[in-house]
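**Student:** Here the protein sequences come in this chain order: A and B. Residues 1 to 243 (the numbering used here) are what the first sequence spells out, left to right. Residues 1 to 384 (the numbering used here) are what the second sequence spells out, left to right.
Be aware that one or more of the hints could be misleading.
Straight-line alpha carbon distances no greater than 25 Å define the calculated SDA-like cross-link-like pairs of lysine to any residue that follow [as the list claims (entries may be wrong)]:
hint, chain 1, residue 1, chain 2, residue 2
1, B, 215, A, 69
2, B, 215, A, 93
3, B, 215, A, 52
4, A, 59, B, 114
5, B, 308, B, 252
6, B, 308, B, 279
7, B, 215, A, 74
Simulated restraints, written as ranges between beta carbons of each label pair [as the list claims (entries may be wrong)]:
hint, chain 1, residue 1, chain 2, residue 2, range
8, A, 130, B, 320, 49 to 55 Å
9, A, 130, B, 157, 57 to 63 Å
10, B, 316, A, 130, 21 to 27 Å
11, A, 138, B, 7, 27 to 33 Å
Derived from the structure by calculation, the hints contain no laboratory data. Ideal Cβ placement from N, Cα and C applies to all residues, glycine included.
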Amino acid sequence: MADLRFENLVKHFGGVHALDGVSGHVGEGEIVGLVGPNGSGKSTLINVLSGHYEADSGKIVLDGEDITDRPAHRIIEMGLARTYQIPRPFSTMTALENVSVPLMFGSEPMSPGAAREAALEWLEFTGLDAYADEPVSSLNLHQLKYLELARALAARPRLVFLDEVLSGLNPAEVNESIEMVRRIHASGITIVIVEHLVRVVTSLATRIMVLDRGRVIADGDPTEVMRQPEVVTAYLGKRAQSA
Amino acid sequence: MKKPRPWLAPAATLVIAVAMWFYPDLVDAAGWPIFYLLFAYTVFFWTAQASSWNLFTGFSGYFSFGQGAFYGVGVYTVGVMVVKRGWPLLPTFLVGGILAAALGLSIGLVVFRLRRLRGEIFALMTLAVAFVLGAVARISSTIDGGQGIPLSSVPTPEALGTHPQMIFRLGLITAVLAVVVAQVVQHSRLGWGLFSIRDDEDVAETLGVPTFRFKMIALGLTGFLAGLSGAVHALQVSYVTIEEVFNIRVPLMVILMSILGGTRHWMGPVLGALVVHTMSDRLNRAGLEAVSDIIVGALLILMIVAMKEGLYLRMRQRPLITAIGAAVGVAGGFVLGPLDSAVTHLGYTLLGAVLGAMIPVGSRRQRPERGAPAAQAIEEVVGG
Numbered sequence: 001m002a003d004l005r006f007e008n009l010v011k012h013f014g015g016v017h018a019l020d021g022v023s024g025h026v027g028e029g030e031i032v033g034l035v036g037p038n039g040s041g042k043s044t045l046i047n048v049l050s051g052h053y054e055a056d057s058g059k060i061v062l063d064g065e066d067i068t069d070r071p072a073h074r075i076i077e078m079g080l081a082r083t084y085q086i087p088r089p090f091s092t093m094t095a096l097e098n099v100s101v102p103l104m105f106g107s108e109p110m111s112p113g114a115a116r117e118a119a120l121e122w123l124e125f126t127g128l129d130a131y132a133d134e135p136v137s138s139l140n141l142h143q144l145k146y147l148e149l150a151r152a153l154a155a156r157p158r159l160v161f162l163d164e165v166l167s168g169l170n171p172a173e174v175n176e177s178i179e180m181v182r183r184i185h186a187s188g189i190t191i192v193i194v195e196h197l198v199r200v201v202t203s204l205a206t207r208i209m210v211l212d213r214g215r216v217i218a219d220g221d222p223t224e225v226m227r228q229p230e231v232v233t234a235y236l237g238k239r240a241q242s243a
Numbered sequence: 001m002k003k004p005r006p007w008l009a010p011a012a013t014l015v016i017a018v019a020m021w022f023y024p025d026l027v028d029a030a031g032w033p034i035f036y037l038l039f040a041y042t043v044f045f046w047t048a049q050a051s052s053w054n055l056f057t058g059f060s061g062y063f064s065f066g067q068g069a070f071y072g073v074g075v076y077t078v079g080v081m082v083v084k085r086g087w088p089l090l091p092t093f094l095v096g097g098i099l100a101a102a103l104g105l106s107i108g109l110v111v112f113r114l115r116r117l118r119g120e121i122f123a124l125m126t127l128a129v130a131f132v133l134g135a136v137a138r139i140s141s142t143i144d145g146g147q148g149i150p151l152s153s154v155p156t157p158e159a160l161g162t163h164p165q166m167i168f169r170l171g172l173i174t175a176v177l178a179v180v181v182a183q184v185v186q187h188s189r190l191g192w193g194l195f196s197i198r199d200d201e202d203v204a205e206t207l208g209v210p211t212f213r214f215k216m217i218a219l220g221l222t223g224f225l226a227g228l229s230g231a232v233h234a235l236q237v238s239y240v241t242i243e244e245v246f247n248i249r250v251p252l253m254v255i256l257m258s259i260l261g262g263t264r265h266w267m268g269p270v271l272g273a274l275v276v277h278t279m280s281d282r283l284n285r286a287g288l289e290a291v292s293d294i295i296v297g298a299l300l301i302l303m304i305v306a307m308k309e310g311l312y313l314r315m316r317q318r319p320l321i322t323a324i325g326a327a328v329g330v331a332g333g334f335v336l337g338p339l340d341s342a343v344t345h346l347g348y349t350l351l352g353a354v355l356g357a358m359i360p361v362g363s364r365r366q367r368p369e370r371g372a373p374a375a376q377a378i379e380e381v382v383g384g
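For reference, chain A alone in the conformation it holds in the complex (with noise of 0.2 Å):
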């Protein structure tokens, strides 16, 4: 079960208003696409719902259970993991050390030696195991995606925010990416996938919610939400609208 609910989110930096209630819901085995363009709060969304940061206002609901005010730990001890639009690493260790911290920690803690062991199959599933002993400085782009990606599973996730792991990757490289994002969700982990390529969301999305200015503007079937004319005005302006 990973059932998702948050409702009325507020998150203001200063005097702008990045969530202006905000409110939706993930449900058990969605791959649910957030787009929207720059500065529209998908981010800070993710954020807010993995407790990285405290909303202002807002309720978040997981399975029943209110988790609004919970600090991050916690949150992912409870099934919700996150990766960073800019990969993250702990820049002083290896990418197995990486991986191994996530699983000493949660719901089922394993000792340095367990994890160190366990971190090697979540290596071995993104294609990383080859560089397990590297220091993450001799990763590429596209690895220390991977290795975002790795982590984040090696916590146990029911559900993982996935912020862009395409941008900044060659053609090959997306299309593998999105391989990798079918084999997570295909191994019982629900998705919400923030991305950019439109192409992209609508063929792995189950459903797409739109975020504009801090609100959401639509939500529904992938191929209908990006006609609707509020969708192409956010994206594209007036113009593209009326040609």
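Guided by the hints, dock chain B onto chain A, whose structure is given.
**Tutor:** Same frame as chain A, but now just chain B:
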């Protein structure tokens, strides 16, 4: 993939400690100077202090100048409770540690709750605590009252031998305790949690590390070990004053020793304490008191710049050239002479090993420091 053996280092440390327990008897039987015991004690003292500092700051990355406060609480606990109140000595050591741990936890409770607190502010706050404590102790006549406390009359346990033998053994116990705690922490979930906090605290928290609790535990351990070591040190100073205790010397020394030796491994502060104290002791003995701080300071800057990863990891990466350096140091000691003391020998050997390790020869892969170039490159690619 290397298999970690977390029990190996503590077991070896304990074996060495048991052997060293009888070192005072050897000094006595061989008729060596008492100075050998006092020199070793001072190395133990700095080892305990530097290991304690490194446990929190080195592992978690939060820069603390609070070492003087923890140390001072330990010294003054013995001064006030034993001298003025007549408490028994050994339990008071523990009380000194516990009070310093309580101080650490109180600082943590305030500081770590303020979420946006930046690193520099944390450093300044810990420095301020030491000065505030010093001021309070100076005003309060129950603590010090500005008069200082004479400590030479403290009754000491006879079971541990003569005064130099006793101070050696107490110093050994505190140093071994601090080192073993650091070893255990380094290989535990607590240690990995602290390392991940040091690298990126936000990410550590979102990956499940209970960052607040771990920082509190580490700061509490640091306080306890530093307070315990300070309490023992009270027996080594004959007269304690505010100016000598709550000043910047202890924090600066432990920072230098730990950074020189390397903050990422428990061995770093141990090696740093040995090298720094031996060098400054030998310079003083050579009649260079006036310039010894300048020479030590210059050498430290050189070493830290040349070996960012710390002396210990550097030596481990290039054992051969370090050993050659140490051998040259031993030989040089004989040539240069006069070898009036085994400590001078040790000084030349360490100097040779350090200089050997510093030689910039092609090294194997090194772990990047914080703020690795890779992260910057990514920021340029993705953020742009």
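**Student:** Take the hints in turn and mark each one as holding or not.
**Tutor:** So, going through the hints one by one against the coordinates:
1. Between residue 215 (chain B) and residue 69 (chain A), the direct Cα distance comes to roughly 21 Å. Compliance with the 25 Å bound is thereby established for this hinted pair.
2. For a cut-off of 25 Å, the pair hint linking residue 215 (chain B) to residue 93 (chain A) stands: about 19 Å separates their Cα positions.
3. The suggested pairing of residue 215 (chain B) with residue 52 (chain A) holds, with an alpha-carbon distance near 18 Å, which does not exceed 25 Å.
4. This hinted pair checks out: residue 59 (chain A) and residue 114 (chain B) have alpha carbons roughly 23 Å apart, not beyond 25 Å.
5. A threshold of 25 Å between alpha carbons decides the hint, and for residue 308 (chain B) with residue 252 (chain B) the separation of about 18 Å falls inside it, so the pair holds.
6. Between the alpha carbons of residue 308 (chain B) and residue 279 (chain B) the distance comes to roughly 20 Å, so the proposed pair stays at or under 25 Å and holds.
7. Straight-line distance between C-alpha atoms of residue 215 (chain B) and residue 74 (chain A) comes to about 17 Å, which keeps the hinted pair within the 25 Å bound.
8. For residue 130 (chain A) and residue 320 (chain B), the Cβ-Cβ distance of about 29 Å falls outside the hinted range of 49 to 55 Å, so the restraint is violated.
9. Between residue 130 (chain A) and residue 157 (chain B) the Cβ separation comes to about 59 Å, which falls inside the hinted range of 57 to 63 Å.
10. Our hint of 21 to 27 Å for residue 316 (chain B) and residue 130 (chain A) holds, since their Cβ atoms are close to 25 Å apart.
11. As the Cβ distance of residue 138 (chain A) to residue 7 (chain B) is approximately 31 Å, the hint placing it in 27 to 33 Å holds.
Hint 8 from the earlier list is the only one contradicted by this structure; the remaining hints agree with it.
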